[in-house]
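Engineer: Those protein sequence lines, which keep their order, are chains A and B. With positions in the first sequence counted from 1, the corresponding number in my numbering is that position plus 23. With positions in the second sequence counted from 1, the corresponding number in my numbering is that position plus 16.
Do not take every clue at face value.
Using C-beta positions, here's what the derived DEER-type ranges look like [what the hints assert, rightly or not]: (1) A:TRP508 to B:GLY38: 22 to 30 angstroms; (2) A:ALA246 to B:GLY74: 30 to 38 angstroms; (3) A:THR635 to B:GLY74: 33 to 41 angstroms; (4) A:LEU511 to B:GLY74: 17 to 25 angstroms; (5) B:GLY74 to A:ASN213: 46 to 54 angstroms; (6) A:LYS253 to B:ASP61: 48 to 56 angstroms; (7) A:ALA555 to B:ASN59: 49 to 57 angstroms; (8) B:GLN50 to A:HIS186: 40 to 48 angstroms.
Straight-line alpha carbon distances no greater than 16 angstroms define the calculated EDC-like cross-link-like pairs of lysine to aspartate or glutamate that follow [unchecked claim]: (9) A:LYS145 to B:ASP61; (10) A:LYS253 to A:ASP199; (11) A:LYS234 to B:GLU92.
Rather than coming from a laboratory, the hints here were simulated on the basis of the structure. Beta carbons are placed, not taken as given, at the ideal position from N, Cα and C, and that holds for glycine.
Single-letter residue listing:
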Amino acid sequence: MLRVVLIGQPNCGKSTLFNAVAGYRSTTGNFSGTTVRLTWSRVRINGTQLELVDLPGVYSLTANNPTETTAKKFLLSGTVDVIVNVLDASLLSRSLELTLELRELGLPMVVCLNMMDEAQRKGMSIVTSKLSELLALPVVETIAYRGLGVPELFRQVLQAARHSPPPAPSLQWHQDVAKVVQQMELCLDNGQPKPLLPRSFLAIKLLEADKEISPALDPQIRAVASALRKELEQTHGRTAEEVIMAERHNCAMQLFEQAATVGHPQRDIRTAIDRLLTHPVWGYAMLVLVLAGFFWGVFGLGATIEQVVQNRLETLFAQWGRTLVPGSLSYALARSFWDGLAGGAAVLLPYLVPFLFGLALLEDVGYLPRVAYLLDGLLHRIGLHGTSVVPIVLGYGCSVPACLATRVLPSRRDRFLATILATLVPCSARSTVIFALVAFYLGPGWALGIFVFNALVVFLSGWWLARLWPEVSPGMVLEVPRYQWPSLRVMSKKVWLRLREFILVSWPILVAGSVVLGLAEFWHLDRGLNAALAPLTGLLGLPAAVGTTLIFGILRKELSLLMLMQALGTSAVNTVMTTTQILVFTIFVTFYIPCLATIVAMSRELGRRLTTAAIGYSFVLATLLATAARFLLEYLLN
Amino acid sequence: MLLARLKWRVLLTTSKDSVGEGSRSLDLAPKGKQVEVVQIEENRDTRRQLAQLGILPGTVLCVRQSAPLGGPLLIEAQGAVLALGRALSRKIQVRLLP
C-alpha cells in the first residue's frame, strides 16, 4: 500500500486537508518501526489504496522539540512513499525553507500551495508553473477548507508515486559554502558503508551538526565534518548551522522573488478585530467577556436540556418499573442499570456537548494563541513559559491531549510544570460535575466561584512549583495565526472524537459501575470500602457512602457524579447533602488524582517518577484544599 | 501625571538610541515601523528557533503591539505574526529602516 505523508509548518491547513480527504475514519495509533503515535487513515483514490499520515506541524527538520523529532524520525524511517508538503501560500517565502529541506530527502514529493485565497487577499500573485519549474517538483494550488484543488493534488500524488523523482537541483549556495558542501558530499561518497539516506541531505545535516544523524556515522566522516564546520565558522564568523540556515533562507527568498509578486493587500476586517482582541486594555476586557460568555452559554444550554431530559426519563422509568417490586433484587438491578443509562443521557451529555463545541470553536478560530500572548506577562512573573497557556487551556477540554500538547515546549521542566497545571484544571468531565452538581443545585454563581478558585490555585501552584524547580525559562516564541472561519465539519469531528470515547468507553463503564454499586449496596458490600475510606470522608465531612464514588472517579471523572447519585440513592443531591458538603465534594473531585487515561498519557510523556510526583501532589493538594474549604464554609455558612 | 510619565519614557528611549550607533533592542523599536535585525544575543537553540520563524540577521520585522506588565511583543516577520517574550526581544538588536 502507498504511504503518503502530509507535512508542513504549523497552521498551514494540513489537518483541514487531511480531514477533507480522510473524513471521520481517521485513527491514531502506533506504526511499526516507530514508537510515535500519529493520525492516519486509509483512503481509496481513483481505485488506489493510500495510507494517509498526518504528521505534526514542524518549521524545519532540525528537531528543536519532541514534535519535530517525531516528524523527522518518521520521514527518515524509509517507509514513506510520497511526501505532500503543505504550504500556507500567504507565507510562501518562509514555508519554502522547509520545502527545500524536504526536497533533499530525494523522495517523490508534491508541493501543495494551500490557502490560495489568503495569499490573494494579501495581494500576492504566485506563478505556480514557474515555482514548479524552479523547484523541479509538481506544485498544486488548493483551498483545503472548500475542497478546491484536492482531487488534482491526489492525482499528482499518484503520478509522483509511479515515477522516481528527478534529482533535486542543488541549492544556489554562495561559492565558499557550495565548496564546503561539495567536499562533504565527496567524503560521504568515498566512505564505507554507503549510507541509506541521500548524500546531499546527509552532507547538509552533518554540517549543521545534527544531533540525531551525526552520531550514527563513521568517526572518520565525523572528523571531516567537524573540520569543515570549523572552516565555515572561521570564514563567516557564526556557527556552521547558522550559515546553512541563512543560505537556505536566502534561497527561499530568491525562489519567492522569482515566482511571486506582492501587490496591495485587500482591506481585512480581521486586522481590526485583532487590534481589539490584543489591545493592552480592551484585549483583557474581551478575554473576560469571552470566557464569561462561554461559561454562561454552556451552563444555560446544559441546564435547560438536563431538566427536560431528566423529567422525561423519570416518567419513562416510572412506567417501565411499575411491574418491579421495590426492595427486590430485580428492582435494584433495573434501577441501577437505568440510573447509569439515564445519568449519561440526562446529566453528562447536556453539558459535555456544548462544552466541547465551545472549546473547539475557540481553538479553531485561533483565539488560544492570543490568550497566550495576553497572559504571558503574568505567567512569566510566576516563572512559567507563556506557551504553557495552550496546554493549560486545552486541559479544560481533556487532560490527555493537554499532556500531548506540552510537547511543543522546549524544556523538560516547562513540560512537567505545564502537565501538572493542565491536569489540575477541570477537564470537561470535571466541569460537567461542577455544572450538574454545583451550578444546578446551588446556582451558577457558586460554579463560577469554583472555576475562579481553581484558576487561582493553578496560578499559585505554578508559582510555587516554578520556585521548587528554578530554571530561567527561555522567552515565548509563538506564532499567532490569522483568525479563521471555523469549519463546522472539523469542529464536529473534534467533538465527535471525544464524544465517541464517552459513548463507547465511559458510558458502558458508567452503567456497569452503577450496577456493581447497586448490587454491592443490595448485599451491603460497599460498607467495607466506605469504612476503609472513612478517615478521608470523615476529614472532609462528607457522608461515608461517598467513599466508593471517589474510587470510581479515578477510573473516569464523570463517574464520580453519577456514582454519588447512585450511592446516595437519589438524583436530588441537595436533599441529602448540605451546601458545604456539595462544595467540598466538588473541590476534592476537581483536584484529586487525574483519571487513568491521563495517568497513562502522563507517564508516557514525563516518565514514572515525575508522574508519581504529579499524582501525589494533586492528592495532597485536593485533601488540603477540601479540608480547608470544609472548615471555612462551615464557619461562614452556619 | 500620565503625560509626564510619557515624556520621561520618550526621553529614555531616545537616550538609548544614541548608544549603539543607530541600533537598539527590538522592545524599544517604534510600533508600526520597519526594522532590520542586526544581531541576536541569544544561545544557539533560541537562535535556531528564531531563524526557523524568519528572524535572523538581515530580515525585516515590524512591531505591531506590546502586551502590558512586561508581556510579549506582537511582531510581523515574513508575513506571519509572532508573539515574542519581552526578555527575548531585548536581546534582538535592530536598526530602523528609512
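Engineer: With a cut-off of 16 angstroms on the C-alpha distance, tell me whether LYS253 of chain A and ASP199 of chain A pass.
Structural biologist: Between LYS253 of chain A and ASP199 of chain A the Cα gap is close to 13 angstroms, so the pair holds against 16 angstroms.
Engineer: Does the Cβ-Cβ separation between ALA555 of chain A and ASN59 of chain B fall within 49 to 57 angstroms?
Structural biologist: 53 angstroms, holds
Engineer: Per the hint of 40 to 48 angstroms, is the separation of the Cβ atoms of GLN50 of chain B and HIS186 of chain A within bounds?
Structural biologist: Given about 44 angstroms between the Cβ atoms, the range holds.
Engineer: For the hint 48 to 56 angstroms, verify it against the beta carbon of LYS253 of chain A and that of ASP61 of chain B.
Structural biologist: 21 angstroms, violated
Engineer: At the C-beta level, are ALA246 of chain A and GLY74 of chain B separated by a distance inside 30 to 38 angstroms?
Structural biologist: 32 angstroms, holds
Engineer: Just tell me: holds or violated, for the beta carbon distance of GLY74 of chain B and ASN213 of chain A against 46 to 54 angstroms?
Structural biologist: Violated - the Cβ-Cβ distance for GLY74 of chain B and ASN213 of chain A, about 36 angstroms, lies outside 46 to 54 angstroms.
Engineer: Given a hinted range of 22 to 30 angstroms, is it respected by the beta-carbon distance of TRP508 of chain A and GLY38 of chain B?
Structural biologist: Since TRP508 of chain A and GLY38 of chain B have Cβ atoms about 43 angstroms apart, the given range 22 to 30 angstroms is violated.
Engineer: Evaluate the given range 33 to 41 angstroms for the C-beta pair formed by THR635 of chain A and GLY74 of chain B.
Structural biologist: 49 angstroms, violated
Engineer: LYS234 of chain A and GLU92 of chain B were given as a pair; does the straight-line alpha-carbon distance stay at or below 16 angstroms?
Structural biologist: 31 angstroms, violated
Engineer: Would you mind confirming whether the straight-line C-alpha gap from LYS145 of chain A to ASP61 of chain B stays at or under 16 angstroms?
Structural biologist: 32 angstroms, violated
Engineer: Looking only at beta-carbon atoms, does the pair LEU511 of chain A, GLY74 of chain B fall within the given range of 17 to 25 angstroms?
Structural biologist: Hint violated: Cβ distance 43 angstroms, outside 17 to 25 angstroms.
Of the numbered hints given earlier, the model fails hints 1, 3, 4, 5, 6, 9, 11; all others are met.
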